[in-house]
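J.: We have chain A; now place chain B onto it with these hints.
Which chain is which? The protein sequence lines are A and B, in order.
Going by this note's numbering, the first sequence opens with residue 1, and the numbers climb by one from there.
Going by this note's numbering, the second sequence opens with residue 300, and the numbers climb by one from there.
Hints in this document: simulated from the structure, not taken from any laboratory.
Note that the structure is predicted; figures quoted are calculated from it, not measured.
Incorrect hints may have been included.
[As the list claims (entries may be wrong)] Mimicking DSSO-like on lysine-lysine, the simulated pairs with C-alpha atoms at most 30 angstroms apart in a straight line are:
no.	chain 1	residue 1	chain 2	residue 2
1	A	Lys45	B	Lys344
2	A	Lys285	B	Lys494
3	A	Lys285	B	Lys510
4	B	Lys510	A	Lys214
5	A	Lys255	B	Lys584
6	B	Lys403	A	Lys285
7	B	Lys403	A	Lys42
8	A	Lys285	B	Lys453
9	B	Lys510	A	Lys104
10	B	Lys453	B	Lys403
11	A	Lys42	B	Lys341
12	B	Lys494	A	Lys45
13	A	Lys195	B	Lys341
[Said to hold, decoys possible] Reference excerpt, derived from the structure (chain A facing chain B, CB under 8 angstroms, subset only):
no.	residue
14	Ile86
15	Lys104
16	Pro106
17	Ser107
18	Arg199
19	Val220
20	Val280
21	Arg287
22	Phe288
Ideal placement from N, C-alpha and C gives every residue a C-beta, glycine not left out.
Number of protein chains: 2
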Amino acid sequence: MSRESDPAVTEPVPSPYRVPFDGSFDIADAPTEPPRDAPGKKDAKRRLEDLTEELSDLQRILWAQDDHAVLLIFQAMDAAGKDGTIRAVLTGVNPAGCEVYSFKQPSSLELDHDFLWRTSRRLPERGRIGVFNRSYYEEVLIVRVHPGILDSQKLPGRPDLETLWQQRFESIREHERHLARNGTVILKFFLHVSKEEQRERFLARLDEPEKNWKFSAGDVRERGHWDAYQHAYQEALRATSRPWAPWYAIPADDKPFMRLQVAEIVVAALHGLDLRWPEVDPEEKARFDEMRAILEGES
Amino acid sequence: MSRESDPAVTEPVPSPYRVPFDGSFDIADAPTEPPRDAPGKKDAKRRLEDLTEELSDLQRILWAQDDHAVLLIFQAMDAAGKDGTIRAVLTGVNPAGCEVYSFKQPSSLELDHDFLWRTSRRLPERGRIGVFNRSYYEEVLIVRVHPGILDSQKLPGRPDLETLWQQRFESIREHERHLARNGTVILKFFLHVSKEEQRERFLARLDEPEKNWKFSAGDVRERGHWDAYQHAYQEALRATSRPWAPWYAIPADDKPFMRLQVAEIVVAALHGLDLRWPEVDPEEKARFDEMRAILEGES
Chain A
1 MSRESDPAVT EPVPSPYRVP FDGSFDIADA PTEPPRDAPG KKDAKRRLED LTEELSDLQR
61 ILWAQDDHAV LLIFQAMDAA GKDGTIRAVL TGVNPAGCEV YSFKQPSSLE LDHDFLWRTS
121 RRLPERGRIG VFNRSYYEEV LIVRVHPGIL DSQKLPGRPD LETLWQQRFE SIREHERHLA
181 RNGTVILKFF LHVSKEEQRE RFLARLDEPE KNWKFSAGDV RERGHWDAYQ HAYQEALRAT
241 SRPWAPWYAI PADDKPFMRL QVAEIVVAAL HGLDLRWPEV DPEEKARFDE MRAILEGES
Chain B
300 MSRESDPAVT EPVPSPYRVP FDGSFDIADA PTEPPRDAPG KKDAKRRLED LTEELSDLQR
360 ILWAQDDHAV LLIFQAMDAA GKDGTIRAVL TGVNPAGCEV YSFKQPSSLE LDHDFLWRTS
420 RRLPERGRIG VFNRSYYEEV LIVRVHPGIL DSQKLPGRPD LETLWQQRFE SIREHERHLA
480 RNGTVILKFF LHVSKEEQRE RFLARLDEPE KNWKFSAGDV RERGHWDAYQ HAYQEALRAT
540 SRPWAPWYAI PADDKPFMRL QVAEIVVAAL HGLDLRWPEV DPEEKARFDE MRAILEGES
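Chain A on its own, in the form it takes in the complex (with noise of 0.2 angstroms):
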């Protein structure tokens, strides 16, 4: 990947918890609590509170110029918090600039389609902040812990297994440099929870009455894939960390932290951005004094 054809918005936003480009990303060694020196709860929410109004702004502009989309991709493990921190960091927006989608089973008719084409169709317009929670990423993740899933997706000469990941990861990684090359601004964000801490919340979840319903007995059994899951996320970071879609592996043990990782990210990449009110078109403008005068005439 030469830097000429670097198709990159905009510069990917350092930040400790970014994933190396070069490949040599280690899940174990990724912090998944917040480092000493973090703020403190009450400190986090507020520098939050004054990122989403900021976030809100910026994308007022975004809108106005309609020159990228921002595309933000979630993946975790169960109850990392995913719906929290999408919440968290996007209530504040304008909702006509911003969707969301949650990706779950495919349907058969989804299946009858490569793996790419359901999320296609919801990717985010010119103007627009577009969430995926969860993505095409699980057909790396979930798909590579149960391979099973594979029969029901009728692959013409299907290669082994390893074969199979790494052409995922070149497709993955070559529909991610369109987009970008198009114009839209890609950040992804693997919330990294401790196995001690997904314990306790789903105990949590079983406790407290009006978390049950969040609650599934298959939840348990998956945990149970655990360091499968750990290496299917390793690997599928390291294959697919590049400048144009650069991954964040955030600690997500402590929630308000990872909200805060996650908005100061997103509004930094907004930021990187020459976003700018649109000029009007000089012939557009040309007749607005016309139009003064007919709309001044009236009274």
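T.: Chain B in isolation, oriented as in the chain A frame:
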């Protein structure tokens, strides 16, 4: 339409601005200004904040319960304040539970379908609040004012115009009855701005550089058809305000008042639903103890 077959999901929310269901709406009598005893701007803003928080809480239950969808339709003359109202009322709602679509000029693909097709694809799923910024009502509004548009729609055996509008009203009524019968709460808002107030807002768009991009010379041209539009709105509201899909003609000359009215009606409609956190399926619940034992046994 007998009372037995009335599919209203919830009792239509009363309001002084609700358009009667008997076809007696007179647009010339409908106020564009708040009543004298309306709350001041500051009080209106404070009350709106409370309502948006309430709406956010109600939507969370709507989502968890997954029984109903909510569809809000906004129609208005230019500069009446659709965008700002949608933003003000819905910004506090979790964007994962809310989707806003703005319908502009139809594409040629959309024109190759019946006039309800393109909006149908964007209907909100259960658990979500969907917002249409403009809608299929344009088919009896702008198209009624400019019937030349019909030529692009290739209607077989096109009847005379008066019959055509009546047929469209019938299609719309039946479409909305069908949606209501299947669990969608429909609320329709006509933001009713005066001709003088529109004039002042257009002049502001011409005079304030950061509003310039919102202005188009075509808007002043459309203003020339004011009376024809008012007539078209009156006819559409008369023909399609029904208990399962009521119209509200909201005075739009005062923005905080307008936004507050819309929020009050939306929140009241959600209160009219039997919203509650879902109970977990007893069979699933029986397995909770087993799951708890597994998780507790880990430590």
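J.: Against each hint, give a clear statement of whether it holds in the structure.
T.: For each hint, the structure was consulted:
Our distance criterion of 30 angstroms between C-alpha atoms is met by Lys45 of chain A and Lys344 of chain B, whose separation comes to about 24 angstroms. The suggested pairing of Lys285 of chain A with Lys494 of chain B holds, with an alpha-carbon distance near 23 angstroms, which does not exceed 30 angstroms. A distance of roughly 12 angstroms separates the Cα atoms of Lys285 of chain A and Lys510 of chain B; the hinted pair therefore holds under the 30 angstroms criterion. A C-alpha spacing of about 45 angstroms is found between Lys510 of chain B and Lys214 of chain A, which places the hinted pair above 30 angstroms, so the restraint is violated.
Distance check on the hinted pair: Lys255 of chain A and Lys584 of chain B sit about 27 angstroms apart at the alpha-carbon level, within 30 angstroms; holds. Restraint check: the Cα-Cα separation between Lys403 of chain B and Lys285 of chain A comes to about 22 angstroms, which is no more than 30 angstroms; the hinted pair holds. Only pairs whose Cα atoms come within 30 angstroms are accepted, and Lys403 of chain B paired with Lys42 of chain A is rejected, the gap being roughly 44 angstroms. Among the hinted pairs, Lys285 of chain A with Lys453 of chain B is inconsistent with the structure: their alpha-carbon atoms are about 36 angstroms apart, more than 30 angstroms.
Restraint check: the Cα-Cα separation between Lys510 of chain B and Lys104 of chain A comes to about 41 angstroms, which exceeds 30 angstroms; the hinted pair is violated. About 19 angstroms separates the Cα atoms of Lys453 of chain B and Lys403 of chain B, which keeps this hinted pair within 30 angstroms; it holds. Restraint check for Lys42 of chain A and Lys341 of chain B: the C-alpha separation of about 29 angstroms stays at or below 30 angstroms, so the hint holds. Restraint check: the Cα-Cα separation between Lys494 of chain B and Lys45 of chain A comes to about 45 angstroms, which exceeds 30 angstroms; the hinted pair is violated.
For the given pair, Lys195 of chain A sits about 49 angstroms from Lys341 of chain B by alpha-carbon distance, which is inconsistent with the 30 angstroms threshold. At a threshold of 8 angstroms, the smallest CB-CB gap from Ile86 of chain A to chain B is about 6 angstroms, leaving the interface hint in force. A hinted interface residue such as Lys104 of chain A counts as satisfied when its beta carbon comes closer than 8 angstroms to some beta carbon of chain B; here the least separation is about 12 angstroms, so the hint is violated. Hint on Pro106 of chain A is violated. Least Cβ distance to chain B is approximately 16 angstroms, over the 8 angstroms limit.
Taking 8 angstroms as the C-beta cut-off, the interface hint given for Ser107 of chain A is violated, the closest approach to chain B being about 13 angstroms. Look at Arg199 of chain A: its Cβ gets to within about 5 angstroms of chain B, closer than 8 angstroms, so that hint holds up. With a cut of 8 angstroms, the hint placing Val220 of chain A at the interface with chain B holds, because the nearest CB-to-CB distance is about 5 angstroms. Taking 8 angstroms as the C-beta contact cut-off toward chain B, the hint placing Val280 of chain A at the interface holds, the least distance being around 5 angstroms.
Interface hint status for Arg287 of chain A: upheld, as the beta-carbon distance to the closest one in chain B is roughly 5 angstroms, under 8 angstroms. Because the smallest distance between the Cβ of Phe288 of chain A and any Cβ of chain B comes to about 5 angstroms, under 8 angstroms, the interface hint for this residue holds.
Hint violations for this structure: numbers 4, 7, 8, 9, 12, 13, 15, 16, 17, all remaining hints satisfied.
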